[in-house]
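Colleague: Sequence:
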Amino acid sequence: MLAATTAAEDNPAIELSSVTPNDFVLPLTASNYQIDLNNGRRPDTSEAYFRVKAAITEQDKDGEQLVLALKKFVSELEMEGRTLVETDGNIQVSIVNPHQYRKQAIMMMAEDVKTVTNALGDDYRVVLTGIDRPIKWAAVGSVDVAIYLPYEYIVVPTSVSSITPMDY
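Numbered according to this note's numbering, the sequence shown terminates at residue 171, and the numbering increases by one at each position without gaps.
It is worth saying that the hints were derived from the structure and are not from the lab. Keep in mind the model is a prediction, meaning the values are calculated, not measured. It cannot be assumed that every hint is accurate.
The list that follows gives simulated cross-link-like pairs (lysine-lysine, DSSO-like), each with its CA atoms no further than 30 Å apart [said to hold, decoys possible]: (1) 106 <-> 117; (2) 139 <-> 117; (3) 74 <-> 56; (4) 64 <-> 74; (5) 139 <-> 106; (6) 139 <-> 56; (7) 75 <-> 64; (8) 139 <-> 74; (9) 75 <-> 106; (10) 106 <-> 56; (11) 106 <-> 64; (12) 64 <-> 139.
Model the full structure from these sequences, guided by the hints.
Modeller: Next up, the structure:
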């Protein structure tokens, strides 16, 4: 792993992370390149998992060049002995600190609720659930993500004074 971390230090666009069997992700650098090995698929092998990441920039509109650069980085790694680096072909877009977008997501959710209540008039109101949930995101393209709060609401007449979860 020292070769991989050294290569990543030579390429500032690349970031490495080790991944534990429980999917816990830790930064991987030349100063902490030793990672735990797990039993391999064969009795005479061991495995370790790491991720190769790069920040998406304005120049990476379609993502194709970024994916090619990541694959090239992996293919050019010079490992020692019987060490083999394989890619699983799984390309993912992730987001750093999604919580920073919480306020913006709440404002968008409030605008959605306002649109509904304005359309229905004063005889209806909205009962909202899920605003306490963490921010979620989903890939909507090769390098784009949609950030959202997984909220739900029901519309009830203003004459209703209380509801229970079974009511909806």
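Colleague: Could you run down the list of hints and mark each one as holding or not?
Modeller: Going through the hints against the structure:
1. About 16 Å separates the Cα atoms of residue 106 and residue 117, which keeps this hinted pair within 30 Å; it holds.
2. For the suggested pair residue 139 and residue 117, the alpha carbons sit about 22 Å apart, so the restraint of at most 30 Å is met.
3. Among the hinted pairs, residue 74 with residue 56 is consistent with the structure: their alpha-carbon atoms are about 10 Å apart, no more than 30 Å.
4. For a cut-off of 30 Å, the pair hint linking residue 64 to residue 74 stands: about 18 Å separates their Cα positions.
5. As the CA atoms of residue 139 and residue 106 are separated by approximately 13 Å, the hinted pair is consistent with the 30 Å bound.
6. Note on residue 139 and residue 56: the hinted pairing holds, with a Cα-Cα distance of about 20 Å set against a maximum of 30 Å.
7. Using a Cα cut-off of 30 Å, the hinted pair residue 75 and residue 64 holds, with the two alpha carbons roughly 19 Å apart.
8. The hinted pair formed by residue 139 and residue 74 meets the criterion: a straight-line CA distance of about 27 Å does not exceed 30 Å.
9. Our distance criterion of 30 Å between C-alpha atoms is broken by residue 75 and residue 106, whose separation comes to about 38 Å.
10. For the given pair, residue 106 sits about 27 Å from residue 56 by alpha-carbon distance, which is consistent with the 30 Å threshold.
11. Simply put, residue 106 and residue 64 have alpha-carbon atoms about 26 Å apart, close enough for the 30 Å limit, and the pair holds.
12. Using a Cα cut-off of 30 Å, the hinted pair residue 64 and residue 139 holds, with the two alpha carbons roughly 22 Å apart.
Of the hints listed earlier, the one the structure fails to meet is number 9.
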